[in-house]
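There are 2 protein chains.
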Amino acid sequence: MRKGESEQVIDVFKNQMDANLVYVDATDRFLGKLVDVAEPEAKRKIIGAEFIRVFEEEARKVGNEVSFLAQGTIYPDILESKDGVKAHHNVGGLPDDLQFELCEPVKLLYKDEVRVVGRELGLPENMVERQPFPGPGLGVRCLGAITRDRLEALREADAIVREEIDQAGLTIWQYFAVVPGFRATGVREGKRAYDWPCIIRCINTVDVMTAEVPGICRVCYDLTPKPVGTVEWE
Amino acid sequence: MRKGESEQVIDVFKNQMDANLVYVDATDRFLGKLVDVAEPEAKRKIIGAEFIRVFEEEARKVGNEVSFLAQGTIYPDILESKDGVKAHHNVGGLPDDLQFELCEPVKLLYKDEVRVVGRELGLPENMVERQPFPGPGLGVRCLGAITRDRLEALREADAIVREEIDQAGLTIWQYFAVVPGFRATGVREGKRAYDWPCIIRCINTVDVMTAEVPGICRVCYDLTPKPVGTVEWE
Chain B
1 MRKGESEQVI DVFKNQMDAN LVYVDATDRF LGKLVDVAEP EAKRKIIGAE FIRVFEEEAR
61 KVGNEVSFLA QGTIYPDILE SKDGVKAHHN VGGLPDDLQF ELCEPVKLLY KDEVRVVGRE
121 LGLPENMVER QPFPGPGLGV RCLGAITRDR LEALREADAI VREEIDQAGL TIWQYFAVVP
181 GFRATGVREG KRAYDWPCII RCINTVDVMT AEVPGICRVC YDLTPKPVGT VEWE
Chain R
1 MRKGESEQVI DVFKNQMDAN LVYVDATDRF LGKLVDVAEP EAKRKIIGAE FIRVFEEEAR
61 KVGNEVSFLA QGTIYPDILE SKDGVKAHHN VGGLPDDLQF ELCEPVKLLY KDEVRVVGRE
121 LGLPENMVER QPFPGPGLGV RCLGAITRDR LEALREADAI VREEIDQAGL TIWQYFAVVP
181 GFRATGVREG KRAYDWPCII RCINTVDVMT AEVPGICRVC YDLTPKPVGT VEWE
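Same order as they appear, the protein sequences are chains B and R. If you use my numbering, the first sequence corresponds to residues 1 to 234, in order. If you use my numbering, the second sequence corresponds to residues 1 to 234, in order.
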């Protein structure tokens, strides 16, 4: 979860909406399953399967009356999983021995349509307009094999990005931070630093650059001053 | 070397300036020494040492009269190597058993001062104003362990970046492309792509963002549209 997000969800469902919410912190379970797993599709499937296992265990504690799993699956999740672009945890990432009947009321809707439904249901505006968040959580923004310290750096960096964009009053459809698993050279207080870069991703507001180089599928712009970066990356 | 750069250097020194130039393509030797070497300082030292070995061999072919090694060492190279920020190939990267006396006429000058000297010597303006290039070459922009295919992708991407910035008529002190050794998820013709990102680095013209997150020393901005990127990085 993002920084402060668990608390926000608990506040809305438990306090504001008086829902019968069970909150579980399963951080250690997920991180334990993901040790040394670097391949993105493997990560997504592990996260999807563990999500269901946690749900099953909690459902058993509630009693035998739990027969449905309600998911916020939306149409692009189904399209992308079907085309093999990526395994969304709630579609391609589901285990074969799923013990619940799926309930996916918005699975034929796109994000903007889901927001209309949310408003009709009386959800607070800040939840309806909340930044979209990947099903597998920050795990897929902590690129490659996840480590606890890098995940924590990502959580802090992501909070700074969201705060800065909020304060600047910018209207951006989706924005977030990514921390890859390699390090780059920098300088801190005159000494060599060798730390992770942070990649900021903003969608729908940038000029389009065409990258037609074989083997390359992303173009980023390095905003780092010197220091804390050096001119070269290593 | 960058795309077309060897040809340009040969043209200036051999054809325009009538210098006694010996040109050596040592690509395979460098790549052979760098297989599986991912640590930046190790890479810089290997490249620096191999550079000297190539120079020694060529000097022997010329005859016994070669006793000097002239280098374009500038003051920041010395400062950064001394402080341990990074081993510049021409300073911290030199082998202990160097068989030449060093001749470094501009080693107490900064880049802008070197350009004044270049103009006084009658070098063509496009060489004086040429983009600075790291001593260890594109190798330190092909992050981590270098592979031939990724180096080629970097060379093409770097050429596109330089061409686009030239055509846009922008005045930027230094700009280049970097290709890290990890892959990110994308879409090409509706199918999953899993390729390298390309990072564009421009210096002296960007707003400064402060990155104060422990462990993070770079901030990049992802310019990729969807497709060819997906929203998330994996």
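Worth flagging that the hints you see were computed from the coordinates, not collected in a lab. It cannot be assumed that every hint is accurate.
Since the list gives no way to pick one copy over another, a pair counts as held whenever it fits inside one copy or between any two copies.
Unchecked claim - Mimicking DSS-like on lysine-lysine, the simulated pairs with C-alpha atoms at most 25 Å apart in a straight line are:
1) K33 to K61
2) K3 to K191
3) K82 to K226
4) K61 to K107
5) K45 to K107
6) K191 to K14
Predicted, not measured: the structure shown is a model, and the values here were computed from it.
Alpha-carbon proximity context of K82 and K226, limit 25 Å
Between copies only: 17 Å across, 45 Å inside.
Pop the pair K45 and K107 into one bin, within, between, both or neither, using alpha-carbon distances up to 25 Å.
within (19 Å within a copy, 55 Å between copies)
Measure nothing new, just compare the shortest in-copy and cross-copy C-alpha distances for K3 and K191 to 25 Å and report within, between, both or neither.
neither (30 Å within a copy, 33 Å between copies)
How would you label the pair K191, K14 (within, between, both, or neither) given a Cα cut-off of 25 Å?
neither (49 Å within a copy, 41 Å between copies)
At most 25 Å between CA atoms: does that hold for K33 and K61 within a copy, between copies, both, or neither?
Intra 23 Å, inter 60 Å, cutoff 25 Å: intra-copy only.
Could you place K61 and K107 in one of the four classes (within, between, both, neither) given a Cα distance threshold of 25 Å?
neither (28 Å within a copy, 73 Å between copies)
Consistency note: the structure conflicts with the earlier hints numbered 2, 4, 6.
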